[in-house]
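**Q** Chains as they are written, first to last, in my numbering: chain Y, 1 to 353; chain S, 1 to 117.
Treat the hints as calculated values from the structure; they're not laboratory data. Accuracy of the hints is not assured; some may be wrong.
[Claimed, not checked] Residues on chain Y that point at chain S, a partial pick, calculated with CB under 8 Å:
(1) 105
(2) 343
(3) 344
(4) 348
Ideal placement from N, C-alpha and C gives every residue a C-beta, glycine not left out.
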Amino acid sequence: MRWLSDNTIEHLRSITDDPDFSATKYKVVKEIARGGMGTVYLAEDIELGRQIAIKVLNTPELDSGLARRMVREAKIIARLEHPGIVPVHDVGTLPDGRVFYAMKFVRGSRLDEYAAQVDSIKDRLRKFQAVCDAVAFAHAHGVVHRDLKPQNIMIGSFGEVLVLDWGVAKLLPAASSEADTLILPGTNCDVRTDKPIDTAHGTVIGTPRYMSPEQSLGEVEQLDERSDIYSLGAVLYFLLTRQAPIERKTAGATGQSATTVSIQRPRELNSKISKAAEAICLKAMARSAADRYPSAVEMSADIGRLLDAEPVSAYRENTVERIGRWLGKNRFLVLLVLAYLLMRIFFILTAKR
Amino acid sequence: MSKPLIGILLGAVLGAFDGLTAWFTPAVRDQLAGIVVSSTFKGIIAGIAIGFFARKFHSLPIGILFGLAVGAFLAYLTARFAVGGYYFEIMLPGSMVGLIVGFATQKYGKAPAVAHG
Chain Y
1 MRWLSDNTIE HLRSITDDPD FSATKYKVVK EIARGGMGTV YLAEDIELGR QIAIKVLNTP
61 ELDSGLARRM VREAKIIARL EHPGIVPVHD VGTLPDGRVF YAMKFVRGSR LDEYAAQVDS
121 IKDRLRKFQA VCDAVAFAHA HGVVHRDLKP QNIMIGSFGE VLVLDWGVAK LLPAASSEAD
181 TLILPGTNCD VRTDKPIDTA HGTVIGTPRY MSPEQSLGEV EQLDERSDIY SLGAVLYFLL
241 TRQAPIERKT AGATGQSATT VSIQRPRELN SKISKAAEAI CLKAMARSAA DRYPSAVEMS
301 ADIGRLLDAE PVSAYRENTV ERIGRWLGKN RFLVLLVLAY LLMRIFFILT AKR
Chain S
1 MSKPLIGILL GAVLGAFDGL TAWFTPAVRD QLAGIVVSST FKGIIAGIAI GFFARKFHSL
61 PIGILFGLAV GAFLAYLTAR FAVGGYYFEI MLPGSMVGLI VGFATQKYGK APAVAHG
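I would like the entire structure built from these sequences, with the hints used as guidance.
**A** Right, dumping it as structure tokens:
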């Protein structure tokens with residue numbers, strides 16, 4: 001009797017783990033990313049001849065919460081038609097029972113990679129404003145992302161900004177009452193309502209370093225748009241300082257940190273950050289949800305004002321700072337007037353001789 | 001604020017300031033009032049022309065060049081009729097004022113809304 005080598009067994013296991021797309025119009029090119037819930041593949045849409053990304057559930061359990069969550073994720077993204085949210089093309093089930101959905105394949109880099117490459121804070125803020133706009137759109141449609149972080153935001157080849165991974169998104173009551181029905185062909189997976197797979201109270205989901213204090217404490221019922229505002233603030237913190245506001249690994253530890261420990265001020269890490277930018281960041285990351293921006297629209301507006309060198313709502317500047325900001329904004333005009341005055345002084349001095 | 005209004009205000013202020021500096025030239029100090037009035041008037045005329053130009057054409061370099069040309073031309077006329085032939089002393093600041101007004105009217109002020117038929 002001849003035994004199979006470890007390498008052969010590993011190879012056979014990987015083949016059996018690979019999703020079987022033979023009954024679909026997709027052909028897998030390569031694996032892009034693997035998470036706890038699903039794996040994302042780069043694939044080719046054979047009919048349309050274009051590359052797409054396909055997220056496939058790791059396990060073929062049709063009636064499991066994971067399968068329903070995955071379909072729900074696809075449905076949530078599908079209802080969010082916005083340039084800043086990656087569009088879903090298709091959803092279905094593979095012959096082995098695994099649920100999948102196909103979406104646009106975004107070429108580019110993740111926001112954390114982008115931040116590492118781009119030195120201009122203004123450029124980073126412009127991208128961040130686009131993130132705020134996409135999140136504001138989702139909020140307007142009753143969807144809270146709950147896992148906003150630089151790794152879930154892509155910057156496309158042409159500078160477009162796309163928010164990804166809506167797998168743990170929460171539908172706010174008004175939106176979840178819209179009882180859409182989706183029955184996957186070949187399965188009994190009927191996604192008639194989102195309520196059965198809503199996260200139970202006390203469950204901590206999301207990424208610890210970027211989640212709000214209430215989210216890290218598992219206060220699921222209390223989570224609303226302002227929880228995303230906190231995460232947006234944490235993403236802004238990262239863009240300004242190139243490091244996460246809380247460097248802890250576990251949700252429990254972060255829960256303690258976010259509620260009890262003060263976050264280091266961004267300007268202590270990078271003195272180039274303006275006081276106004278820091279104020280926006282810290283307002284969004286206020287411990288109490290009531291002290292944060294009430295909406296992503298207002299946060300985006302403040303970022304816009306910051307970029308236009310106008311006063312922001314999060315920071316009350318003194319007279320000297322106001323004058324400094326005005327001079328900075330109109331420096332060319334100020335230089336022209338100064339040149340004119342210097343010329344005048346020159347004429348006055350020469351006229352006296 | 002509209003672009004012509006910015007042009008008029010800036011032209012008037014800079015023109016008046018331009019005229020007031022004549023006080024430092026002893027030879028013309030007794031004509032100061034006339035110089036200030038004519039210089040302010042010149043600034044207003046330049047401001048109107050440059051402001052309306054900025055309303056019509058939206059280009060920073062062209063606006064600056066137009067301002068410079070208008071300022072230089074008006075200053076040339078002033079210098080030509082002025083006693084003493086202070087061409088350089090009048091034309092250089094006058095051109096500079098036109099340049100500043102040209103820049104400011106392109107950069108600031110509200111452009112008229114475009115009507116859609």
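**Q** All hints are to be evaluated individually against the structure, with a verdict given for each.
**A** Here is what the structure says about each hint:
For the restraint placing residue 105 of chain Y at the interface with chain S, the shortest Cβ-Cβ distance is roughly 39 Å, beyond the 8 Å limit, so the hint is violated. Restraint check, residue 343 of chain Y versus chain S: the minimum CB separation of about 6 Å is within 8 Å; hint holds. Because the smallest distance between the Cβ of residue 344 of chain Y and any Cβ of chain S comes to about 5 Å, under 8 Å, the interface hint for this residue holds. At about 4 Å, the closest approach between the beta carbon of residue 348 of chain Y and any beta carbon in chain S falls short of 8 Å, and the interface hint on this residue holds.
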